[in-house]
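Asks: Each chain, written out:
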Amino acid sequence: MISFILVSHSKKITDGLKEMIDEMALNQEQVTIFSVGGTSDGRLGTDPIAIYNTIESRKADEAILVFTDMGSAVLSSEAAIDMLDDEVRDKVHLVDCALVEGAFIAAVQVKGSQSLQSVFEELKSI
Amino acid sequence: MLDTTKVLNWLNEFASLIEQNKAYLSDLDTPIGDGDHGNNMSRGVKAMQEQFAKSSFESPSDIFKATAMTLMGNIGGASGPLYGSAFMEMAKSAKETSDLGTIIQAGLNGIAKRGKAQTGEKTMIDVWQPVSESLLANHLTQQVIDTAVKSTKPLIATKGRASYVAKRSIGHLDPGSVSSGYLFTAMLNNLK
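Going down the list, the sequences are from chains A and B.
Count along the first sequence starting at 1, add 600, and that's the number in the working numbering.
Count along the second sequence starting at 1, add 6, and that's the number in the working numbering.
Next comes chain B alone, as it looks inside the complex (with noise of 0.2 angstroms):
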């Protein structure tokens, strides 16, 4: 069952997962992208935090809204519309439903329509569908989370920073997806 003290302790992990590895994203963003991923979403994943310590909430609804929110207004590059669009769609979602495969499947239409992506371009999106699928059918293990992030190593990216240089971005993992990657993990530690 989703609630409140659940998502928050999800959310803050996420965010000790984010500061732990933050140069390590940074340094997967540089070969394929502007090498700021890290420091971004640290900015964001830090005024996320800011902002849970000074709210309080009275549904998961409300604690993804102020996500959404805090995300898009301090991460700077791409991910803060992306990951902002996510959260945006779970809120909405949440109103409606407490079932988290179907909330994460909304984030995870959020994210493909603000990116205008879909499965195998080498973004987040390559770990959300995934994720979203087996959380719908019940089976989402940390298993499946590792194995969507490694499978955008070999790909070509055609959408995002990455799609500029091409083939040069094979062999390299989606900085997007390491992150969503880290999001899955708490989510499984924290809900399941």
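So that you can see chain A by itself, here it is in the shape it has in the complex (with noise of 0.2 angstroms):
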């Protein structure tokens, strides 16, 4: 299994990119889409602490990608990447790439990829 992170400001951003994705693209065998947008109570922001409990309660997954919009969004996923132990941080992957566009192709090639490596090709012509 392989996690997606979607973090954006904006919690209606990430949920309305999950329920695209859940819909248009995935396949729910291989990845396990989680919004993680906006701040634990509920305004625009990012939760450093929040992107950390959800990297952790996949830490079992093959793999964690954690696609972000821009600003804090990067900065707090990178703060909570530092905060997990080396075994676990080594799985994740905090992808350069456009948010929408990046989460949704990348749920796209998942499918029929044959690596994780082959995904962050595809990702960089975005």
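These aren't lab readings, by the way, just hints derived from the structure by calculation.
Hints are supplied without guarantee of correctness; some may be wrong.
[Claimed, not checked] Derived PhoX-like pairs: lysine-lysine, alpha-carbon spacing no greater than 25 angstroms straight-line:
| no. | chain 1 | residue 1 | chain 2 | residue 2 |
| --- | --- | --- | --- | --- |
| 1 | B | K98 | A | K611 |
| 2 | A | K618 | A | K659 |
| 3 | B | K12 | A | K659 |
| 4 | A | K724 | B | K165 |
| 5 | B | K119 | A | K691 |
| 6 | A | K691 | B | K122 |
| 7 | A | K711 | A | K691 |
| 8 | B | K52 | A | K724 |
| 9 | B | K52 | B | K71 |
| 10 | B | K98 | B | K71 |
[Stated by the list, open to error] Part of the chain A face toward chain B, derived, beta carbon under 8 angstroms:
| no. | residue |
| --- | --- |
| 11 | G645 |
| 12 | S672 |
| 13 | S676 |
[Claimed, not checked] Here are the in silico distance ranges between beta carbons for each label pair:
| no. | chain 1 | residue 1 | chain 2 | residue 2 | range |
| --- | --- | --- | --- | --- | --- |
| 14 | B | K173 | A | M620 | 29 to 39 angstroms |
| 15 | B | G126 | A | E722 | 37 to 47 angstroms |
| 16 | A | K659 | B | T147 | 42 to 52 angstroms |
| 17 | A | E701 | B | G177 | 32 to 42 angstroms |
| 18 | B | D152 | A | D622 | 50 to 60 angstroms |
| 19 | B | N195 | A | E722 | 49 to 59 angstroms |
| 20 | A | D685 | B | E102 | 20 to 30 angstroms |
| 21 | A | E722 | B | T164 | 30 to 40 angstroms |
| 22 | B | K165 | A | S640 | 18 to 28 angstroms |
| 23 | B | E102 | A | S640 | 31 to 41 angstroms |
| 24 | A | R689 | B | Q124 | 42 to 52 angstroms |
| 25 | B | K98 | A | E687 | 15 to 25 angstroms |
Just so it is clear, CB atoms sit at the ideal spot from N, CA and C, and this is done for glycine as well.
Need the complex rebuilt from these two chains, each delivered in its own frame; the hints are there to steer you.
Replies: What follows is the structure, encoded as structure tokens:
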């Protein structure tokens, strides 16, 4: 199993993106998607602790891909990844691409792909 | 000497300064940021004080770690991971030393690493760097802090949210530098 963690300042964005990928692109036997937008008290913003806790809850997975939009979404994800133990951190990939396009295309790619590396190669062209 | 009572007094005074200047910090953030630095910092330091009230700490390092976690989990903006990374590195450093200059330098390194920034980019580093240097040389004064904060006014922002307005950032104080100034003013009042 691979986990996708979607991080944006807006929970509506990550909820909407999760819905879109779940319905249009996903093989749910291979990928589970988590919407980690907004702050824990429902404001616009990002929360490194929520990202950290989500990653920790999926640490048994084969890989965990983190998709972000901009600014503090990136900083918060990096801070969360820094707090992980080494063996968990090795499974986590902070993907450098546009949030919506990247997560959607990665979900499609994971279905037919031989390796995560080839998925990352594909994402570079977005 | 760094002890838990003094460190708690320092950070509680920092929280008071943020509360008193909450509106001012958000006003500073309005022309060059998203206008919420005061409110975000206020949420963070309130959560920090609540954590302090229900915890007992064995060392300054424990206090810094708790501060890192509560600021990261409650601020919401980029200041969360930036201040969080600073206090996380300060927690690690405080396990090895009680020298304040060394600890603040570790915090500075945490911010620089997290923000991929250096001095002169109109970020909180422009305050943390001179404060760290003055502490290490043992001549930190309020004037050093104030001068560092003011030095951000004429700069063009090249990192962070303010970089999106680029040249229009000239003439405005950097809000993160102002809130960092409060942190160090409170430090000077309680640890010197």
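Asks: Each hint: holds or not?
Replies: Checked hints:
1. K98/B / K611/A: violated (33 angstroms)
2. K618/A / K659/A: Roughly 20 angstroms separates the two Cα atoms, so the pair holds.
3. K12/B / K659/A: violated (39 angstroms)
4. K724/A / K165/B: holds (24 angstroms)
5. K119/B / K691/A: holds (21 angstroms)
6. K691/A / K122/B: Measuring from Cα to Cα gives roughly 23 angstroms; hence the hint holds.
7. K711/A / K691/A: holds (19 angstroms)
8. K52/B / K724/A: violated (42 angstroms)
9. K52/B / K71/B: Measuring from Cα to Cα gives roughly 16 angstroms; hence the hint holds.
10. K98/B / K71/B: OK: K98/B and K71/B at ~8 angstroms, within 25 angstroms.
11. G645: With Cβ-Cβ at 3 angstroms, under 8 angstroms, it holds.
12. S672: holds (4 angstroms)
13. S676: Holds - the Cβ of S676/A comes within 8 angstroms of chain B, reaching about 5 angstroms at its closest.
14. K173/B / M620/A: 29 to 39 angstroms: Because 38 angstroms falls inside the window, the suggested range holds.
15. G126/B / E722/A: 37 to 47 angstroms: Holds: the Cβ-Cβ distance is about 38 angstroms, inside 37 to 47 angstroms.
16. K659/A / T147/B: 42 to 52 angstroms: Given a distance of about 48 angstroms, which is inside 42 to 52 angstroms, the answer is holds.
17. E701/A / G177/B: 32 to 42 angstroms: For E701/A and G177/B the Cβ distance comes to about 37 angstroms; the hint holds.
18. D152/B / D622/A: 50 to 60 angstroms: 53 angstroms Cβ-Cβ, so the 50 to 60 angstroms window holds.
19. N195/B / E722/A: 49 to 59 angstroms: holds (55 angstroms)
20. D685/A / E102/B: 20 to 30 angstroms: holds (21 angstroms)
21. E722/A / T164/B: 30 to 40 angstroms: 32 angstroms Cβ-Cβ, so the 30 to 40 angstroms window holds.
22. K165/B / S640/A: 18 to 28 angstroms: holds (26 angstroms)
23. E102/B / S640/A: 31 to 41 angstroms: holds (32 angstroms)
24. R689/A / Q124/B: 42 to 52 angstroms: Since the Cβ atoms of R689/A and Q124/B sit about 25 angstroms apart, the hinted range of 42 to 52 angstroms is violated.
25. K98/B / E687/A: 15 to 25 angstroms: holds (20 angstroms)
Hints 1, 3, 8 and 24, counting from the list given before, are not met by this structure.
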